[in-house]
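Quick note, the sequences are listed as chains Z and D, same order. Position one of the first sequence corresponds to residue 287 (our numbering), numbered consecutively onward. Position one of the second sequence corresponds to residue 287 (our numbering), numbered consecutively onward.
In short, the hints are calculated from the structure, not lab data. It should be emphasised that the depicted structure is a prediction, and the values quoted were computed from it without experimental measurement. Be a bit skeptical, because a hint or two may be false.
Dumping the calculated SDA-like pairs for lysine to any residue here, alpha-carbon to alpha-carbon at most 25 Å [claimed, not checked]:
{"#": "1", "chain 1": "Z", "residue 1": "Lys400", "chain 2": "Z", "residue 2": "Asp374"}
{"#": "2", "chain 1": "D", "residue 1": "Lys304", "chain 2": "D", "residue 2": "Glu332"}
{"#": "3", "chain 1": "D", "residue 1": "Lys400", "chain 2": "Z", "residue 2": "Lys400"}
{"#": "4", "chain 1": "D", "residue 1": "Lys304", "chain 2": "Z", "residue 2": "Phe301"}
{"#": "5", "chain 1": "Z", "residue 1": "Lys417", "chain 2": "Z", "residue 2": "Thr363"}
{"#": "6", "chain 1": "D", "residue 1": "Lys336", "chain 2": "Z", "residue 2": "Phe301"}
Simulated restraints on C-beta separations [to be verified]:
{"#": "7", "chain 1": "D", "residue 1": "Gly405", "chain 2": "Z", "residue 2": "Lys304", "range": "42 to 50 Å"}
{"#": "8", "chain 1": "D", "residue 1": "Asn351", "chain 2": "Z", "residue 2": "Glu358", "range": "33 to 41 Å"}
{"#": "9", "chain 1": "Z", "residue 1": "Gly309", "chain 2": "D", "residue 2": "Thr320", "range": "28 to 36 Å"}
No residue lacks a Cβ here, since even glycine has one placed at the ideal position from N, Cα and C.
There are 2 protein chains.
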Amino acid sequence: MSNSHDSEREEGLSFQPKFDASGLVTCVATDAATGDVLMVAHMNDEALRKTIATGEAWYFSRSRNALWRKGESSGHTQRVVEMRVDCDQDAVWIRVEQVGAACHTGRRSCFYRKVEGEGGSIGLSFVDADKQFDPTRAYSK
Amino acid sequence: MSNSHDSEREEGLSFQPKFDASGLVTCVATDAATGDVLMVAHMNDEALRKTIATGEAWYFSRSRNALWRKGESSGHTQRVVEMRVDCDQDAVWIRVEQVGAACHTGRRSCFYRKVEGEGGSIGLSFVDADKQFDPTRAYSK
Numbered sequence: 287m288s289n290s291h292d293s294e295r296e297e298g299l300s301f302q303p304k305f306d307a308s309g310l311v312t313c314v315a316t317d318a319a320t321g322d323v324l325m326v327a328h329m330n331d332e333a334l335r336k337t338i339a340t341g342e343a344w345y346f347s348r349s350r351n352a353l354w355r356k357g358e359s360s361g362h363t364q365r366v367v368e369m370r371v372d373c374d375q376d377a378v379w380i381r382v383e384q385v386g387a388a389c390h391t392g393r394r395s396c397f398y399r400k401v402e403g404e405g406g407s408i409g410l411s412f413v414d415a416d417k418q419f420d421p422t423r424a425y426s427k
Numbered sequence: 287m288s289n290s291h292d293s294e295r296e297e298g299l300s301f302q303p304k305f306d307a308s309g310l311v312t313c314v315a316t317d318a319a320t321g322d323v324l325m326v327a328h329m330n331d332e333a334l335r336k337t338i339a340t341g342e343a344w345y346f347s348r349s350r351n352a353l354w355r356k357g358e359s360s361g362h363t364q365r366v367v368e369m370r371v372d373c374d375q376d377a378v379w380i381r382v383e384q385v386g387a388a389c390h391t392g393r394r395s396c397f398y399r400k401v402e403g404e405g406g407s408i409g410l411s412f413v414d415a416d417k418q419f420d421p422t423r424a425y426s427k
């Protein structure tokens, strides 16, 4: 198994992000205070560099095909406390201080529903789903 | 902005995973005890269903193109304490009780290197990088 891995990428100290066919890595943002996962998004090379240089989270939106500073419309920015990269360098984890809410629906985290399987059927239930802001106002500009 | 979103998928209680072109969703596994991100991997429909049904993490390996029960070779299984889904249902977050180590390199977490930018150059440093097991033994079977 280990033969198929790039040992320099896994054991080295050089940052060599492994971008996918669209030029992206996955980014997981967690709340530095609580450990909760706030969101999963993507970064291209420029978003990574801007995040590292500025200490604020930048992403690449696949739906809008555009670089995006988190909070540029809503004011709900993310200050990066720490960035880590995973073994094969195709994912980064940022611990952030979130201003307001991470999710465009107004919730603190995008993960506001629990998945539960009962007797063969799978359903969702809301958890920590209070809205911190009204998305129709925050994005009306 | 909100017009472009599927409101039933975002606000409803029906589990409608949004698989990508390869039939996968992203899965973030965090340590239920510490909140640390252990790994980022992928699940297909079958992996999701098996994870929910058994309470143990199953993934789909893109490199091996195969369903995979976490720990099936190494014994380092993940018991799922809670599963959540994000707003657009293309990512799940599982909080797990990790037996041993999540990373195939032997570390507890795949995120054992910090990314730092100093004076324009970006480098990595090891953090929480002690090996919990010897991967050459765990995968020698």
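Now for the hints, and whether the structure bears them out:
About 29 Å separates the Cα atoms of Lys400 (chain Z) and Asp374 (chain Z), which puts this hinted pair outside 25 Å; it is violated. Restraint check for Lys304 (chain D) and Glu332 (chain D): the C-alpha separation of about 14 Å stays at or below 25 Å, so the hint holds. As the CA atoms of Lys400 (chain D) and Lys400 (chain Z) are separated by approximately 30 Å, the hinted pair breaks the 25 Å bound. Taking the CA atoms of Lys304 (chain D) and Phe301 (chain Z), the gap is near 31 Å; set against the 25 Å cutoff, the hint is violated.
A distance of roughly 17 Å separates the Cα atoms of Lys417 (chain Z) and Thr363 (chain Z); the hinted pair therefore holds under the 25 Å criterion. Taking the CA atoms of Lys336 (chain D) and Phe301 (chain Z), the gap is near 35 Å; set against the 25 Å cutoff, the hint is violated. Between Gly405 (chain D) and Lys304 (chain Z) the beta carbons are some 25 Å apart, a value that contradicts the proposed interval 42 to 50 Å. Here the CB-CB span from Asn351 (chain D) to Glu358 (chain Z) is close to 39 Å, well matched to the stated 33 to 41 Å.
Between Gly309 (chain Z) and Thr320 (chain D) the C-beta distance comes to about 32 Å, which sits within the given range of 28 to 36 Å.
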